[in-house]
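Chains as they are written, first to last, in our numbering: chain F, 34 to 164; chain D, 6 to 209; chain E, 185 to 382.
Please keep in mind that the hints were generated in silico from the structure rather than gathered at the bench. It is possible that some hints are incorrect.
[Claimed, not checked] Stretch-level coverage of chain D by chain F, calculated; a stretch enters the list once three of its residues show a Cβ under 8 angstroms from a Cβ in chain F: (1) 86 to 96; (2) 107 to 118.
[To be verified] Selected chain D positions facing chain E (in silico; Cβ < 10 angstroms): (3) Lys53; (4) Ser57; (5) Asp205.
Cβ coordinates follow ideal geometry from the N, Cα and C atoms, glycine included.
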Amino acid sequence: MSDQSLQGAIITSQLIASIATRTTLETPGVLRLEPTNQSFLPRLGPAALQNLRHPGSQNGTYQHDGVTATISDGTARVHLYIATDIAYTALHVAEKVQQRVRESISHTGLTPGAIDVTILAIERHHRTTIM
Amino acid sequence: MALEDIPRLGCGRSIDRIWGTIDRPPTAHEEQCDQCQTARTRLRRLSKATRSLRESDLHNPTMEPRPGIKNAIMDVVRAKVRRGSRILLRSADNGTTEISEQALSSLIRSAAAAIPGVHSRRCRIEIRSAAASVADEDHPTGTTGTSTNAGPRLIINLRVAAAPGIVIPRTVEALRHEISNAIPASVGIGAGTVNITVEDLYDV
Amino acid sequence: MGDHGPGFEPDLDEGSIVARAQDGDLAAFEHLVLTYQYRLFRLAYRMLNDRGEAEDIVQETLTTSWRGLPMLADVDAFGGWIYRLATNKCLDLLRKRSSHAENIIDLEDMDTIAEAGCRAVSAALDPAQEAEWSAEQDGLTALLNALPPAQRACWLLREMHGRSYAEIGVTLKITPAAVRGTLARARHQIAEGMSQWR
Numbered sequence: 034m035s036d037q038s039l040q041g042a043i044i045t046s047q048l049i050a051s052i053a054t055r056t057t058l059e060t061p062g063v064l065r066l067e068p069t070n071q072s073f074l075p076r077l078g079p080a081a082l083q084n085l086r087h088p089g090s091q092n093g094t095y096q097h098d099g100v101t102a103t104i105s106d107g108t109a110r111v112h113l114y115i116a117t118d119i120a121y122t123a124l125h126v127a128e129k130v131q132q133r134v135r136e137s138i139s140h141t142g143l144t145p146g147a148i149d150v151t152i153l154a155i156e157r158h159h160r161t162t163i164m
Numbered sequence: 006m007a008l009e010d011i012p013r014l015g016c017g018r019s020i021d022r023i024w025g026t027i028d029r030p031p032t033a034h035e036e037q038c039d040q041c042q043t044a045r046t047r048l049r050r051l052s053k054a055t056r057s058l059r060e061s062d063l064h065n066p067t068m069e070p071r072p073g074i075k076n077a078i079m080d081v082v083r084a085k086v087r088r089g090s091r092i093l094l095r096s097a098d099n100g101t102t103e104i105s106e107q108a109l110s111s112l113i114r115s116a117a118a119a120i121p122g123v124h125s126r127r128c129r130i131e132i133r134s135a136a137a138s139v140a141d142e143d144h145p146t147g148t149t150g151t152s153t154n155a156g157p158r159l160i161i162n163l164r165v166a167a168a169p170g171i172v173i174p175r176t177v178e179a180l181r182h183e184i185s186n187a188i189p190a191s192v193g194i195g196a197g198t199v200n201i202t203v204e205d206l207y208d209v
Numbered sequence: 185m186g187d188h189g190p191g192f193e194p195d196l197d198e199g200s201i202v203a204r205a206q207d208g209d210l211a212a213f214e215h216l217v218l219t220y221q222y223r224l225f226r227l228a229y230r231m232l233n234d235r236g237e238a239e240d241i242v243q244e245t246l247t248t249s250w251r252g253l254p255m256l257a258d259v260d261a262f263g264g265w266i267y268r269l270a271t272n273k274c275l276d277l278l279r280k281r282s283s284h285a286e287n288i289i290d291l292e293d294m295d296t297i298a299e300a301g302c303r304a305v306s307a308a309l310d311p312a313q314e315a316e317w318s319a320e321q322d323g324l325t326a327l328l329n330a331l332p333p334a335q336r337a338c339w340l341l342r343e344m345h346g347r348s349y350a351e352i353g354v355t356l357k358i359t360p361a362a363v364r365g366t367l368a369r370a371r372h373q374i375a376e377g378m379s380q381w382r
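Please build the complete structure, drawing on both the sequences and the hints.
Given below as structure tokens:
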């Protein structure tokens, strides 16, 4: 997608989350996003909760399996929860993810804020599954 | 009725005693005693029926829960999954990177699986406090917030069960070596201190 | 199944599997679920005679065990602990049941049950031993169901599941000697009932 087509468009936190998800999954060494059962809304404070009640607003938080995206005054913050391949160095994978997500956010016209990464699992890519 | 009260036959023999010896030939008393003989016959029949019920329940497909039960259990468990504490690997203005204790401990167990004769068990990971790392030249205090943070200093406490007959010191050394290599390779930080406790022997 | 940890070795000893589950390892816990769901179902079904309720007991017991696992001091005590949880859940349910409906079986009913067992055995017209056995099993379970719940639990844990006197004692909150006495009474009562079949 080009920068132009997004000019003046409303970028929602949901869109940021889905861009961040795709970018992360395309990064070598990432096995998947890892769903987390913790709610991060309290951490964001009452202001974020207020924004959630106005879904049309450009400010707000969107949380989906393994990703939380928050837009606040033109800055997009993302927290990603990932599982990495044991054959890669997790810290380097996380660094690459942060760099790529930052890049893809800047293509939307928003300012990339903090891109936080939590590594929840390190696994072998070809692992056997016990049913 | 007292809890220890064991039913007795008219001849004074306890049911328990007869039960314990039904597979043996009758004693001189039992051969003479009608009550004992009746009890032996009945208990032997019970013993046979018990064995047959046990075997048939074990192999009877209707004595199994429906297949969805396991998934239902695992769904509940997954929603409450314990990941342990989170360890900050790197902190910078434009984002932090952290790792769950569980991700680290499963990596450690995966490394340990390469060493024959040990089964890894519980694993606790502590972070060496800032005060303790003052002495470390390459890890000065006050490095938070910079992108050159070399990462936390780990103290890994791994408990293992060992196979009987293995040479423990040599195996533990190999295990320590394996873990010390796996963490820099797969996480990107030093393994720090690796404490290994052999807590049990497992049956082979 | 995305949450499996790496390198789960299938030949692990149970103590190590329990220890890993205590650390939150889902693959290890799943292995325990697979191992124990059948045993617990057989116990609960024979206690309750209701598939749905027995499945509920299995599910509740194993999900409860996930929460309690980190507190378990001895990994080798897992089996005894999980049997204890399930047995007590069954006994609780039976207490609730009997307070809801007056279906406590008294001694008079014992005769009826023995008769039912009698019919079950004589209904086996097929001379094949298998059919006879199955009728005898029906008779045995009918007698078993006539035992007071704690006695039935005691008998099932020992005879069907091979649990130790000490462990059964802890489960039923009685001494190992009392377990021995309870078992003897249960066997005596069942054997008596069986003798009325023919």
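Are Lys53 of chain D and chain E close enough, Cβ to Cβ, to be under 10 angstroms, as the hint says? This hint holds: Lys53 of chain D lies near chain E, its Cβ roughly 8 angstroms from the closest one there, short of 10 angstroms.
Taking the least C-beta to C-beta distance, is Ser57 of chain D closer than 10 angstroms to chain E? Since chain E brings a Cβ to about 5 angstroms from Ser57 of chain D, closer than 10 angstroms, the hint holds.
So, as I understand it, the hint says Asp205 of chain D touches chain E; can you test that by seeing if any CB pair is closer than 10 angstroms? Since the shortest Cβ distance to chain E is 6 angstroms, the answer is holds.
Establish whether the coverage given for the stretch 107 to 118 of chain D by chain F is satisfied; the threshold is a Cβ-Cβ distance below 8 angstroms, and no fewer than three residues must meet it. holds (count 6)
Taking 8 angstroms as the Cβ threshold, is the statement that the stretch 86 to 96 of chain D is covered by chain F upheld or broken by the three-residue rule? holds (count 5)
Checked against the numbered hints given earlier, the structure satisfies every one of them.
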